[in-house]
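With our numbering applied, the sequence shown covers 303 to 391.
Think of the hints as simulated: they come from the structure by calculation, not from any bench. Since we're looking at a predicted model, the values are computed, not measured.
Only pairs whose alpha carbons sit at most 25 Å apart, straight line, appear in this in silico DSS-like list of lysine-lysine:
#1 Lys-328 <-> Lys-366
#2 Lys-314 <-> Lys-328
#3 Lys-366 <-> Lys-314
Beta-carbon label-pair distances, calculated as ranges:
#4 Leu-329 <-> Leu-388: 15 to 25 Å
#5 Met-359 <-> Glu-331: 27 to 37 Å
#6 Gln-363 <-> Glu-331: 32 to 42 Å
#7 Asp-323 <-> Gln-356: 13 to 23 Å
#8 Leu-329 <-> Gln-363: 26 to 36 Å
#9 Ile-377 <-> Thr-344: 14 to 24 Å
#10 Asn-360 <-> Leu-329: 24 to 34 Å
By construction, the Cβ of each residue, glycine as well, lies at the ideal position given by its N, Cα and C atoms.
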Amino acid sequence: MRPKPKKRQTTKTFIEMIANDYQFDKLHEGYLGFINLDPQDTTGPEDYSSICTQIAMNPDQFEKEFNTHGLTIQIAHESELIIEELNRK
303 MRPKPKKRQT
313 TKTFIEMIAN
323 DYQFDKLHEG
333 YLGFINLDPQ
343 DTTGPEDYSS
353 ICTQIAMNPD
363 QFEKEFNTHG
373 LTIQIAHESE
383 LIIEELNRK
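Please build the complete structure, drawing on both the sequences and the hints.
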């Protein structure tokens, strides 16, 4: 039996993962309404650094996709990417 191929991470799936993070869940005790990412971070179960860097270096290209999830790119550069809720209250 062949092992299942690993699902290829795309920018869209990365943005969906960010949008579903507990830091955007108002009912979660860890709710912040924003998330701070390091595009160069390669730790964790999956390496999203190339996708994160692509977003950080071209934020205008991805803003509409974040907006569809109620999010906006607040800060974007090679060492920091901050995503926050559009209507943070």
